[in-house]
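J.: Here the protein sequences come in this chain order: A and B. When you line the first sequence up against my numbering, it's residues 1 to 116, in that order. When you line the second sequence up against my numbering, it's residues 117 to 538, in that order.
Some clues are possibly wrong.
Over the 12 angstroms line for every Cβ pair with chain B, so calculated as not near, a few chain A residues [as the list claims (entries may be wrong)]:
no.: 1; residue: GLU23
no.: 2; residue: ASP33
no.: 3; residue: LEU48
no.: 4; residue: VAL63
no.: 5; residue: SER71
no.: 6; residue: GLU73
no.: 7; residue: ILE75
no.: 8; residue: GLY77
no.: 9; residue: LEU95
no.: 10; residue: ASP100
no.: 11; residue: VAL114
Distance condition first, Cα-Cα at most 25 angstroms in a straight line; then the derived DSS-like pairs of lysine-lysine [as the list claims (entries may be wrong)]:
no.: 12; chain 1: A; residue 1: LYS72; chain 2: A; residue 2: LYS94
no.: 13; chain 1: B; residue 1: LYS196; chain 2: B; residue 2: LYS285
no.: 14; chain 1: B; residue 1: LYS286; chain 2: A; residue 2: LYS94
no.: 15; chain 1: A; residue 1: LYS94; chain 2: B; residue 2: LYS285
Here's a subset of chain B near chain A, in silico, CB distances under 8 angstroms, partners left out [what the hints assert, rightly or not]:
no.: 16; residue: LEU208
no.: 17; residue: ALA243
no.: 18; residue: ALA289
no.: 19; residue: ALA290
no.: 20; residue: ILE292
no.: 21; residue: PRO293
None of these hints come from the bench; they were simulated from the model. Note that the Cβ used here is the ideal one computed from N, Cα and C, for glycine as well.
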Amino acid sequence: MAQYAVMIFERETPGGAADLPPEVIEAHIALPDRVAALGGRIVAGLALEPSGTATTIRGREMVTDGPFIESKEAIAGVFVLEARDLDHALALAKLTPIVDGGVEVRPLVDFRVVES
Amino acid sequence: MTGRPFAGDVQRAVADAHRREWAFVLAATTRTTRDLDLAEEAVQDAYVSALTAWARDGVPSAPGAWLTTAARRNALNALKRGQVLRTKLPLLLEREPAEEDDSMETGGPDTIPDDRLRLVFTCCHPALAGEAQVALTLRLVCGVATGDIAQAFLVSEPTMAARLTRAKKKIAAARIPYVVPAAADLPDRLYAVLGVIHLLYTLGHTAPSGEDLVRADLAERAIDLARMLRDLLPEPEVLGLLALLVVNHARRATRTDAQGRLLRLADQDRTAWDREAIAEGDRLVLAALDAGPPGRYTLQAAIAALHAEAETYDRTDWAQILALYDALLEAWPSPVVALNRAIALGMVAGPAAALAEVERLEDDGALARYHYLPATRADLLVRLDRRAEAVPAYRAALDLVDNDAERAFLAERLAECAGVAH
Numbered sequence: 001m002a003q004y005a006v007m008i009f010e011r012e013t014p015g016g017a018a019d020l021p022p023e024v025i026e027a028h029i030a031l032p033d034r035v036a037a038l039g040g041r042i043v044a045g046l047a048l049e050p051s052g053t054a055t056t057i058r059g060r061e062m063v064t065d066g067p068f069i070e071s072k073e074a075i076a077g078v079f080v081l082e083a084r085d086l087d088h089a090l091a092l093a094k095l096t097p098i099v100d101g102g103v104e105v106r107p108l109v110d111f112r113v114v115e116s
Numbered sequence: 117m118t119g120r121p122f123a124g125d126v127q128r129a130v131a132d133a134h135r136r137e138w139a140f141v142l143a144a145t146t147r148t149t150r151d152l153d154l155a156e157e158a159v160q161d162a163y164v165s166a167l168t169a170w171a172r173d174g175v176p177s178a179p180g181a182w183l184t185t186a187a188r189r190n191a192l193n194a195l196k197r198g199q200v201l202r203t204k205l206p207l208l209l210e211r212e213p214a215e216e217d218d219s220m221e222t223g224g225p226d227t228i229p230d231d232r233l234r235l236v237f238t239c240c241h242p243a244l245a246g247e248a249q250v251a252l253t254l255r256l257v258c259g260v261a262t263g264d265i266a267q268a269f270l271v272s273e274p275t276m277a278a279r280l281t282r283a284k285k286k287i288a289a290a291r292i293p294y295v296v297p298a299a300a301d302l303p304d305r306l307y308a309v310l311g312v313i314h315l316l317y318t319l320g321h322t323a324p325s326g327e328d329l330v331r332a333d334l335a336e337r338a339i340d341l342a343r344m345l346r347d348l349l350p351e352p353e354v355l356g357l358l359a360l361l362v363v364n365h366a367r368r369a370t371r372t373d374a375q376g377r378l379l380r381l382a383d384q385d386r387t388a389w390d391r392e393a394i395a396e397g398d399r400l401v402l403a404a405l406d407a408g409p410p411g412r413y414t415l416q417a418a419i420a421a422l423h424a425e426a427e428t429y430d431r432t433d434w435a436q437i438l439a440l441y442d443a444l445l446e447a448w449p450s451p452v453v454a455l456n457r458a459i460a461l462g463m464v465a466g467p468a469a470a471l472a473e474v475e476r477l478e479d480d481g482a483l484a485r486y487h488y489l490p491a492t493r494a495d496l497l498v499r500l501d502r503r504a505e506a507v508p509a510y511r512a513a514l515d516l517v518d519n520d521a522e523r524a525f526l527a528e529r530l531a532e533c534a535g536v537a538h
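Take the sequences, apply the hints, and build the full model.
T.: The structure is reproduced here in C-alpha cells:
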C-alpha cells in the first residue's frame, strides 16, 4: 500500500471548527470506517485550529503572526491515507466532507510516529 | 530470408516498425521494467540495433516481437551493469494470476500481452496536466522524438524534456497505476484519452500560431492513435472520434488556397475532398449511432459527415445539421457549440435569427477571447447588408486571432467591407 497525505483546504470562518455543520462533523467521524470499507486505511489525522492562531518563523529568526501562506482557503486538517494507488487514493479522498474548499492529495516519502 | 536486404529496405522496415509497433514494444517492455524511463531508453536502443541486426540477418517476420525481446534484454543488461538507478517506486501493475511468471527472463515473443491500452490510459491520466498528457502520449505512445514534440509546442527541447521528465516522475511518485481503468471509471477516463487525441489532431490541423495551417504529421499521428484505440477498445465514442478526424482530414487539402490563404467551407473545392475517407467516416458514424444514444464526438462526426456529403454549401442539409447541433448542445453544453449552432440556425432561419443568438452569446461573455464570435457576427452583418457595422466586428476578430492564415483571411474580409462602407 502507498501512503498519501490528504490536506483539507477550507474557506475560513470566524469560529473555526466550531462553525462546522454537525453533519460535516459526523461525516468526519465516520470517514475512517468508510475508507476501510473500500479497502483503504486512515493511519493518522490532524485537525488544525484556524490560521489566525498560527505563528510563522521565516528563515530562522523572523517570527510573524499568521500562516506561512495567506490565502482565502487555509489548510484546516491533514490525514494520512493508505491506498493501493493514486486512483484508489483519489476515490477515497473524495469521501472527505468539505464545506467550501477541497483537498490536495500528495504522496508521502515517509510517515512515522516517533516513539519516546 | 535469403540474402542480405538492401540498406534502404532495412531502413524502411525499421521506420515502418517504429510507426506501427512502437506503442506495443514500449508497453510490453514497460510491463517487465516497471519503469517508463528505463523502458523508453531500452526501446530506443532496440530500434537502433535493429538497423544493423536486420541488415545482417534479414527483417524478422514479427518485428514487434523481435524489438520487444531486444528491448527487454537491453533493460535487463542495463540493470545488471548497474547503470540504472532503479527507482524505489516501480510502476504499479496489477497482475492477473495467469501472468505470474511473465518476468523479464521468461517472457517469450509468443506470450507478449498487449499493454497498449494501459500505456494510453497512464499517459492520459487526469492527475497529469493536459499539456503533459499530450506530450507524454506523443513521446511514449507514438514514439515521437522529444525535439519534434518541442517543435510542435513551440518550446525548446530542454523545456520539453523537463516537462516529460516531470510527468514521468509524478507517475512513479504519486503511484499512478499502469492499468486500464475499472468499468465504473472507464467512460470518464476514456473521454480524457479522446480529448488528448482530439487536441493532438487540432494542434496538427490548425496550428495555434505560426505559419503552417496544417501540421500534417501531428494530425496523422492523431488519426493513427484513434485507429489503434478503435482496434483495442471499439466503444461508440471511439468510433465517433475516429469518424470526426477522418472526415475533417478528408477536407484538409482545400482548407487553404494555393497561396496558403484560408478558404471558407462555402468556397472550398469539393471535388478535391477525399471521397474514400468520407465514406469511411460515414460508415463509422453509422456504426456509432447504431450503438445507442450518441455522445459528443459521434454527433460532431455526424455533422462533419453531412457537410462532407453535401454537393454544395447551399444544398447542405442544414435542417438536419441544426437538429444535430441541438442534440450536441444537450450532450455537451458549451458556448462554442452554441456559436456553431447559431451558424446552422442562420442557414435555416436566416441571418437575423442567427445574429440574435450571437448577441446572446456576446452578453454571456464566455467567448470574449474567441475570435470566431466577432468573425461570425461580422459575416452575419454582411449577409444582412449591414457592412458598416461588420467593419468593427472584423477588427475585433483580428485583435483576437493568432494564426497567420486566419489573420490574412479576416483582413481580406475587412478590406472588402471597408471598401464598400467608406
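J.: So, for every hint listed, does it hold in this structure?
T.: A quick look at each hint next to the structure:
1. Non-interface call for GLU23 of chain A relative to chain B: holds, since the shortest CB-CB distance, roughly 26 angstroms, exceeds 12 angstroms.
2. The non-interface label for ASP33 of chain A is consistent with chain B: the shortest C-beta to C-beta separation is roughly 21 angstroms, beyond 12 angstroms.
3. Remark: the non-interface label on LEU48 of chain A is consistent with the geometry, its nearest Cβ contact in chain B lying 24 angstroms away (cut-off 12 angstroms).
4. The beta carbon of VAL63 of chain A is kept farther than 12 angstroms from every beta carbon of chain B, the shortest such distance being approximately 33 angstroms.
5. Every Cβ of chain B is farther than 12 angstroms from the Cβ of SER71 of chain A; the closest lies at roughly 21 angstroms, confirming the non-interface assignment.
6. The beta carbon of GLU73 of chain A is kept farther than 12 angstroms from every beta carbon of chain B, the shortest such distance being approximately 20 angstroms.
7. For ILE75 of chain A, the non-interface assignment is confirmed: its Cβ lies about 19 angstroms from the closest Cβ of chain B, beyond the 12 angstroms cut-off.
8. Against the 12 angstroms criterion, GLY77 of chain A stays outside the reach of chain B, whose nearest CB is about 21 angstroms from its own CB.
9. Distance check for LEU95 of chain A against chain B: the nearest CB is about 15 angstroms away, which clears 12 angstroms, and the non-interface claim stands.
10. Listed as outside the interface, ASP100 of chain A is consistent with that label: its C-beta sits roughly 23 angstroms from the nearest C-beta of chain B, beyond the 12 angstroms cut-off.
11. VAL114 of chain A, annotated as away from the interface, keeps every beta carbon of chain B farther than 12 angstroms; the closest lies near 22 angstroms.
12. As the CA atoms of LYS72 of chain A and LYS94 of chain A are separated by approximately 21 angstroms, the hinted pair is consistent with the 25 angstroms bound.
13. Proposed proximity of LYS196 of chain B and LYS285 of chain B is supported: the alpha carbons are some 23 angstroms apart, at most 25 angstroms.
14. Of the supplied pair hints, the one linking LYS286 of chain B and LYS94 of chain A holds, its CA atoms being roughly 20 angstroms apart against a limit of 25 angstroms.
15. Pair hint LYS94 of chain A plus LYS285 of chain B holds up; C-alpha atoms about 24 angstroms apart against a cutoff of 25 angstroms.
16. Restraint check, LEU208 of chain B versus chain A: the minimum CB separation of about 5 angstroms is within 8 angstroms; hint holds.
17. Restraint check, ALA243 of chain B versus chain A: the minimum CB separation of about 6 angstroms is within 8 angstroms; hint holds.
18. Against a cut-off of 8 angstroms between C-beta atoms, the interface hint on ALA289 of chain B holds, since the closest Cβ of chain A lies about 5 angstroms away.
19. Because the closest C-beta pair between ALA290 of chain B and chain A is about 5 angstroms apart, less than 8 angstroms, the hint holds.
20. Taking 8 angstroms as the C-beta contact cut-off toward chain A, the hint placing ILE292 of chain B at the interface holds, the least distance being around 5 angstroms.
21. For PRO293 of chain B, the interface hint holds, since its Cβ comes within 8 angstroms of a Cβ in chain A; the closest pair sits about 4 angstroms apart.
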